[in-house]
Amino acid sequence: MENFLLKLKPFDMISFPKPIPGNITSESRLLIKNNGHERVAVKIKCTNNKMFKISPVYSTADVGEARLIRLIFITEHDVPMDGKHHFSIHVVPSPESETVCEAFTSERGKNPLIIRIPIFFEKELNRNNTEDKITYLYNEL
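Just so you know, UniProt numbering puts the end of the sequence shown at 141, numbered straight through with nothing missing.
Hints in this document: simulated from the structure, not taken from any laboratory. Possibly wrong hints are sitting among the right ones.
To be verified - Once the Cα atoms are required to be at most 25 Å apart in a straight line, the calculated DSS-like pairs of lysine-lysine come out as:
#1 K33 to K110
#2 K53 to K110
#3 K123 to K9
#4 K45 to K7
#5 K53 to K33
#6 K18 to K123
#7 K45 to K33
#8 K123 to K53
#9 K53 to K84
#10 K84 to K7
#11 K7 to K53
#12 K84 to K45
#13 K110 to K18
#14 K18 to K53
#15 K9 to K33
#16 K7 to K33
Said to hold, decoys possible - Cβ-Cβ distance ranges computed for the label pairs, FRET-style:
#17 P118 to S97: 32 to 38 Å
#18 I115 to D82: 16 to 22 Å
#19 D82 to D62: 31 to 37 Å
#20 R116 to E27: 17 to 23 Å
#21 M81 to E27: 41 to 47 Å
#22 S106 to N35: 33 to 39 Å
#23 D82 to E38: 34 to 40 Å
#24 T99 to V79: 35 to 41 Å
#25 E27 to N111: 18 to 24 Å
#26 E65 to I20: 31 to 37 Å
#27 E76 to N35: 36 to 42 Å
#28 V79 to N35: 30 to 36 Å
Quick reminder that beta carbons are idealized off the backbone N, C-alpha and C, glycines included.
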């Protein structure tokens, strides 16, 4: 698996905006781009499925293709300590003939590349436009 590269934006931490009063969720985004030489299957996990939601959980990325992942914090829970939780990105090579599930249940899927990104929470209310953030993510790749 050392022959493929994955570019992540952000790569060092996921930051959730402070929840707007009355909203039940706070969202962030993760952009994954396959800069390698082969198609990959991607599975994203988190440390607490009641507190965080991921969409999509499973995806594939052809060479040069980027995927935008929605990361959702359910705000009915108390905001945990920064860095306590993380998202983990599991990546395996996946030929065109294989589905994502087949890729992860195959022999290759037993030893995926795993990248962990810690979760942090903004302390100030910031009403930045989500579309601006998405455009920024794509332009940075």
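Hint-by-hint comparison with the structure:
1. K33 to K110: 22 Å, holds
2. K53 to K110: 24 Å, holds
3. K123 to K9: With a Cα-Cα distance of about 21 Å, the restraint between K123 and K9 holds, given a limit of 25 Å.
4. K45 to K7: Judged against 25 Å, a Cα distance of about 18 Å means the pair holds.
5. K53 to K33: 21 Å, holds
6. K18 to K123: The hint holds at about 6 Å.
7. K45 to K33: Measuring from Cα to Cα gives roughly 18 Å; hence the hint holds.
8. K123 to K53: 21 Å, holds
9. K53 to K84: 16 Å, holds
10. K84 to K7: 24 Å, holds
11. K7 to K53: Distance ~22 Å between K7 and K53 Cα, so the pair holds.
12. K84 to K45: This hinted pair holds, its Cα atoms lying about 15 Å apart.
13. K110 to K18: 37 Å, violated
14. K18 to K53: 17 Å, holds
15. K9 to K33: This hinted pair holds, its Cα atoms lying about 9 Å apart.
16. K7 to K33: Judged against 25 Å, a Cα distance of about 5 Å means the pair holds.
17. P118 to S97: 32 to 38 Å: 36 Å, holds
18. I115 to D82: 16 to 22 Å: For I115 and D82 the Cβ distance comes to about 19 Å; the hint holds.
19. D82 to D62: 31 to 37 Å: 35 Å, holds
20. R116 to E27: 17 to 23 Å: 20 Å, holds
21. M81 to E27: 41 to 47 Å: 20 Å, violated
22. S106 to N35: 33 to 39 Å: Taking Cβ atoms as reference, S106 and N35 lie about 23 Å apart, which means the hint is violated.
23. D82 to E38: 34 to 40 Å: Distance hint for D82, E38 holds at roughly 36 Å.
24. T99 to V79: 35 to 41 Å: 37 Å, holds
25. E27 to N111: 18 to 24 Å: 32 Å, violated
26. E65 to I20: 31 to 37 Å: 33 Å, holds
27. E76 to N35: 36 to 42 Å: 38 Å, holds
28. V79 to N35: 30 to 36 Å: Once the Cβ atoms are compared, 34 Å apart, the range 30 to 36 Å for N35 and V79 holds.
Violated hints, in rising order: 13, 21, 22 and 25; the structure is consistent with all others.
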